[in-house]
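Number of protein chains: 2
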Amino acid sequence: MARIEFWYEFASNYSWLAAVRIEDLARDAGHEVVWRPFLLGPIFRTQGWTSSPFNLFPAKGRHMRRDMERITQARGLPLVWPAVFPANSLVAARLALVGEKHGFVAPFSRAVFAAEFQEGRDIADRALLAEILTALGIDAEAMLAEAGSPEIKAALVARTEEATARGIFGAPSLFTPDGELFWGDDRLEQAIAWMADHPA
Amino acid sequence: MARIEFWYEFASNYSWLAAVRIEDLARDAGHEVVWRPFLLGPIFRTQGWTSSPFNLFPAKGRHMRRDMERITQARGLPLVWPAVFPANSLVAARLALVGEKHGFVAPFSRAVFAAEFQEGRDIADRALLAEILTALGIDAEAMLAEAGSPEIKAALVARTEEATARGIFGAPSLFTPDGELFWGDDRLEQAIAWMADHPA
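In the order they appear, the protein sequences are chains A and B. Quick note: the working numbering has the first sequence finishing at residue 203, numbered continuously throughout. Quick note: the working numbering has the second sequence finishing at residue 203, numbered continuously throughout.
Simulated from the structure, these hints should not be mistaken for laboratory data. Because the structure is a prediction, the values reported are computed rather than measured. Be careful, since some hints might not be right.
Note that identical chains are pooled: a pair holds if it fits in a single copy or bridges any two copies.
Claimed, not checked - Listed next, the in silico EDC-like pairs over lysine to aspartate or glutamate satisfying Cα-Cα at most 20 Å (straight line):
#, residue 1, residue 2
1, 104, 183
2, 63, 31
3, 63, 189
4, 63, 164
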């Protein structure tokens, strides 16, 4: 069983599209998904972008919104656009790193994405994040406390530095075991096919 | 028979990928392709970009180069990266507009793209453009003269203004008869499928 690294940002709508389907696609191909939450904001800022390119470049943003409507319709996914976009994903990302330690990163991440893009809720809201944790049977208060620890804060900074060092510039990004970088939900099938042609 | 508009920029490598296959895909679906050359440079400049985003954002550029290698390998296409990237596509685009008048826009455009990305040549070179026209059995000298006429210069400016007015921000871009905009070679299949589901 080979591992595909799935690098995602909670504020990223295309990351949501990939999060919904990557486990099924990988499992059907006999692979395992390694969930790797990171922050795209610091990377965008090094490019001189103070917000999402979808906000900075309105025509690009308009196409993206329509692209999302078409894709979710074709995939039978509900889409409720969040009032705040891009969301402040800092606490959610720290919680996802806590989830890596405690084994709940994948279901937590899927639930965060669903709240954001299927219900239109603001994932910066700690009460929402607590609600998601509780619904997963996880001690929300303890996990939120751990998410604020110096260890987790440093881990998220290190994660995002690793993303930059490995050439990530957007989300979602995928790494195959031989180090190939694939960017975008629309490259997911290519990454899986690449793994079949290039066994680790 | 419905018409799909194919908006492309000669300096754009993803436009090349689409130019290679759009006629076959459209014909198989019973549609006709309308070739619409335009210039992306003026649109990028309104976004504050003085060059291709692949040059301005090196990590994005590195991924794109690898993405192109993987895609061309999978499609069995030769790829020789041009020494000058992005190319100055002004004269080629004006010649393509001349080609719209005289009925050679599609074969001329495919030949320009092939010289650029399959042979790595600089399409800013008027001698190369003349060679391409001559190989197509077209009077190169007359067409180059017409490409420099005020009428054609104005037509290219108007074309690029139309692109902006219709929401184009990148290339290739596709318009279906009901006005849907699809961006990217990787949305070509979606655009064709859209036309099947939404007959004009």
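Now the hints, each set against the structure:
no.: 1; hint: 104 to 183; verdict: neither (26 Å within a copy, 45 Å between copies)
no.: 2; hint: 63 to 31; verdict: neither (34 Å within a copy, 30 Å between copies)
no.: 3; hint: 63 to 189; verdict: both (17 Å within a copy, 16 Å between copies)
no.: 4; hint: 63 to 164; verdict: between (27 Å within a copy, 16 Å between copies)
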